[in-house]
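Student: So you can see what is in the structure, the chains are spelled out below.
Protein chains: 4
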Amino acid sequence: MGQKYKSIGVLTSGGDAPGMNACIRAVVRSASAMNIKVWGVEGGFTGLIRGKYKEMGNRDVGNILQRGGTILQTARCEEFRAPAGRREALREMNNAGMEALVVIGGDGSLNGAQKLAELGVPVVGVPASIDNDIYGTDMAIGVDTALNTIVDAIDKLRDTASSHTRAFLVETMGHASGYLAIQAGIVTGAEMVLVPEVATSVEDVAARVEEAYRRGKAHCIIVVAEGFSPPTNELAEAIDKLDHGFTTRVSILGHIQRGGSPTAFDRMLASRFGMKAVEFLVDGKLNMMTALRGREIVPVPIADVVSNARPVAEEYIEMARVLSL
Amino acid sequence: MGQKYKSIGVLTSGGDAPGMNACIRAVVRSASAMNIKVWGVEGGFTGLIRGKYKEMGNRDVGNILQRGGTILQTARCEEFRAPAGRREALREMNNAGMEALVVIGGDGSLNGAQKLAELGVPVVGVPASIDNDIYGTDMAIGVDTALNTIVDAIDKLRDTASSHTRAFLVETMGHASGYLAIQAGIVTGAEMVLVPEVATSVEDVAARVEEAYRRGKAHCIIVVAEGFSPPTNELAEAIDKLDHGFTTRVSILGHIQRGGSPTAFDRMLASRFGMKAVEFLVDGKLNMMTALRGREIVPVPIADVVSNARPVAEEYIEMARVLSL
Amino acid sequence: MGQKYKSIGVLTSGGDAPGMNACIRAVVRSASAMNIKVWGVEGGFTGLIRGKYKEMGNRDVGNILQRGGTILQTARCEEFRAPAGRREALREMNNAGMEALVVIGGDGSLNGAQKLAELGVPVVGVPASIDNDIYGTDMAIGVDTALNTIVDAIDKLRDTASSHTRAFLVETMGHASGYLAIQAGIVTGAEMVLVPEVATSVEDVAARVEEAYRRGKAHCIIVVAEGFSPPTNELAEAIDKLDHGFTTRVSILGHIQRGGSPTAFDRMLASRFGMKAVEFLVDGKLNMMTALRGREIVPVPIADVVSNARPVAEEYIEMARVLSL
Amino acid sequence: MGQKYKSIGVLTSGGDAPGMNACIRAVVRSASAMNIKVWGVEGGFTGLIRGKYKEMGNRDVGNILQRGGTILQTARCEEFRAPAGRREALREMNNAGMEALVVIGGDGSLNGAQKLAELGVPVVGVPASIDNDIYGTDMAIGVDTALNTIVDAIDKLRDTASSHTRAFLVETMGHASGYLAIQAGIVTGAEMVLVPEVATSVEDVAARVEEAYRRGKAHCIIVVAEGFSPPTNELAEAIDKLDHGFTTRVSILGHIQRGGSPTAFDRMLASRFGMKAVEFLVDGKLNMMTALRGREIVPVPIADVVSNARPVAEEYIEMARVLSL
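Going down the list, the sequences are from chains A, B, C and D. In terms of the UniProt record's numbering, the first sequence is residues 1 to 325. In terms of the UniProt record's numbering, the second sequence is residues 1 to 325. In terms of the UniProt record's numbering, the third sequence is residues 1 to 325. In terms of the UniProt record's numbering, the fourth sequence is residues 1 to 325.
Next up, chain A with everything else stripped away, as it sits in the complex:
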């Protein structure tokens, strides 16, 4: 039982997430403790194709645990989507003697990992995506940090919101997922949350704002997931046309949510994922993603991850409703 590798590669791919560096560090240090050499591949799958990698030792990952972003850089790679690109990657891995690969990233990156697995490369995936839209794991790397960044921002809005009669639309990231918006809405006590998963008309939004106004609230904070339709700017214009008592203002946090020093939670999750990724490889649990289930880190087949959509957390939608009274 268990595979004996001499050298493995690690790369980060797709949108970056706070904690990726902590994960790289854990991969390097736990591989190093088993005398496995680690190649750090730069710029995601592009770096694999172009042969851009360097050996990483314990010292190379010193003092990166607390840094946002990823020291290995990341990029989206068109080339890799074609079979020719993937064969090229394989050739480069063979040249370097890279026998297995740890892929840290989101859905697209895990898809890439799966394609390599189909070519016979032993891979382990690590879920990293601030959107928490990856199937099979309670949490992905970066979610907790992004959520706290949003919460800090909305707390600031609340200070000023209490001094005026204003309605604030705050747009959060998440692509097609409303996870961040819902969680942020609950923990900041927002008056309303708008997510792609739940259709809401402009009239309903305006009505809710007006109700807040009539009940004498000093302000009305609405968290809008970026995937919600209509887009935030259009929504703001539309509800401002309807009379609701408040003046509407928009904040679009954007990529700020991807940055910042990772929280304690993300550093711990990333460190555990990194250690487990190496353990999975060595134990022959191949083509798996490290997944958080309760307190445990378990292997979930990447094939399952990429072929399933993460269900919406209905309980949180209900929770938002009860608490925002």
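Because the hints were derived from the structure by calculation, they are not lab data. Keep in mind that this is a model prediction, so the values were computed, not measured. Relax, there's no trap hidden among the hints.
Since the list can't tell identical chains apart, any single copy or any two copies may satisfy a pair.
For lysine to aspartate or glutamate, the following EDC-like pairs were computed, each having C-alpha atoms within a straight-line distance of at most 20 Å: (1) K217 - D60; (2) K37 - E99; (3) K241 - E210; (4) K37 - D283; (5) K115 - D304; (6) K4 - D283.
Model the placement of chains B, C and D on the given structure of chain A, informed by the hints.
Tutor: What follows is chains B, C and D alone, placed relative to chain A:
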């Protein structure tokens, strides 16, 4: 020498700014130390007209020093712009025995204070505006906090920016003033700053972005003051149409910049302004604004403040140019 | 099935923890949604004995979600340890028509809840303690915030540590528990962690410091749990007497770890606990503590909680060893 | 007019301060804009003696603006205190063709700069010290950041302080200076500030604590400068022996105050100082320290700086008294 007041009022008006509470506290406590009663007027000039005020003692301003926003609320007041509104305010002040008034706010608020002064009310103004667009004082209350909020946001962008080849437009507040944008641009090492005071064509912006790309920069951060034309969203679309190597992303911080616990600097400035405001009243330095000049707090006639525009700091525009190499 | 209450009480007791306010809010709002009146008891069990409580509606818990500390105050109560004190508390509850009680606090507070339960009062406990030393739940309210406060502090030390050849001892809270110290040590990449659960001699500490020096490290950060023996100040003196290349400096964070706005995690956990506490009461799951197990909130008998000690997490001690290479 | 240098050196020395990196960056970039080569000397004067320096270009100082600590490292250097050590430094400078030197640091470092100046080396000093104990400049690099770090910590204490009847002693850095303690005390609304410059007996402290207790305050926060006598731990024991109603707890922030990302103020001050340092050299304003006076950066002879003590700011001591009522 100096006037003996039995009771004075204090109000906050216009856009709120972090540190207003620290200023209210200092007004109350230093007046209290001279046995002057303080009326806290709620909701700015509107509260004055409607007779909404309450006596404030030392204990009422306990534990507010660190809070963003203003416990006295603020509002913009149409009614007060008309002579009838101002006469009403005067009548209410007389009813309450409010002999003088401290007005904490921005340009519009100081204008209001000036109108009251013209009716014979002894007033002292305190400059509070995150935009730092008030003539006659080095700094207004709230600027330092807002600047640090922007800096935190851009630092986060830089983390993620280093992981991708992206151009980021970050919109900062400031109405017609580019102060916050320029300062933020310098202290975050932004590649470019766009302000209303300096016309820049879309082509020039795109050229600068392209140059950053050609020089191999991993990213390009552009700070855009909200008063810049074209508006940030339009600008983003326009430069994305021109080929420059990067993908463009937008962050609009919005009212987040108005909130948050005030920095040490803003608490100190607000506390000093508050104490000086009472001192000016007592010393008969009337219809003055407390102004920071170097290390000193000096009186500047409100009439001068409202009839002059704050000049652009040319030195900082040059500084941004040299350091962003 | 399920009990119908007209009114219940809620109190916070023992050492305060960030998130207690979010929990109070959730208790009030979910009770309110079921038309149950909530009495907020002030100052823990002391307030119960003295009859200090007030009705709390949805508005009374507005804008407290993000506040550290507890608006209900907390106190340690000698009187309540005696049967006479508890009988007095019971009499006051009857006077107020308080039919059940939610107790938010640590081990000692849950013990108090258990004593009330033995007198026939329906109680539900909510674990709140930054030390995470409560049996039966993965996490208690306040732990995540405290951990992030410690992490911020150690990250700052690391900045300056890299500029000097210094050894830093950082003392964290935790009474007899090393939980915070171990977690903080792992997620900040500390060179060593000293906890009450693992005896370590002064000589071993000095040897580890010396080894770090010999390996050319620019610094050496040691996290010391407050329960470790010898106490941090003595330890610092002792290792400074042994020659190890570095100069030793001490930081004692103290009660700073109890404060601050709760993190997203703590707000969510506290909100869920608060809602579940009311649900448990209504469903007749009495004398239970709300406990986090994986993703679920489950009832655990308070009697079990107070009669068991939380075991040390061996896996994290091992993890600290591997990653701090 | 002015000197034409081909190459200059820059070093950081003594205790590090947030903003040193921003200053190094500004020195390099403004020298570079004048085609002057810059040598970055590592480890302060020790690096000068040992010949440890490297050429630094614009790219070498990219992405350091926001970092705490100093990329050039710093050290205290015994060797340099002897004439032989300084001659050695001079020889190394000549070897490298280093024609002038920018020294960034505190009193001790400026003293070193002065000694070099006496050997004929053109030097400019930049004041950097979180203690703000340097004569001749309103502010030194790092003070604003350290102050905000202290303020964050005390704000956290206040949360928990309001939940208990506790007296907190918070020890701040500052060597023989009480500057940080006084400023922090004012802007956090501390009940008392203890500084080396004002003798206060243990009995007086206990009396003040007792008075706070009698007036019904929920807590009592005392900021203690590290230079105060008796030391904080002894003081805590001593006042706990005197009956005053509160339980006393101690926080010792220590070197945490030296770290962290610099505030906007410190980045700006450091950037301006760095640019001016090069300008002073080029303009022949030699053996000067860059000093902030009001809004201006002016040259002050280093000889004056090192032979004068910074006076205590009496006005702030009075201000602390009035506002903490």
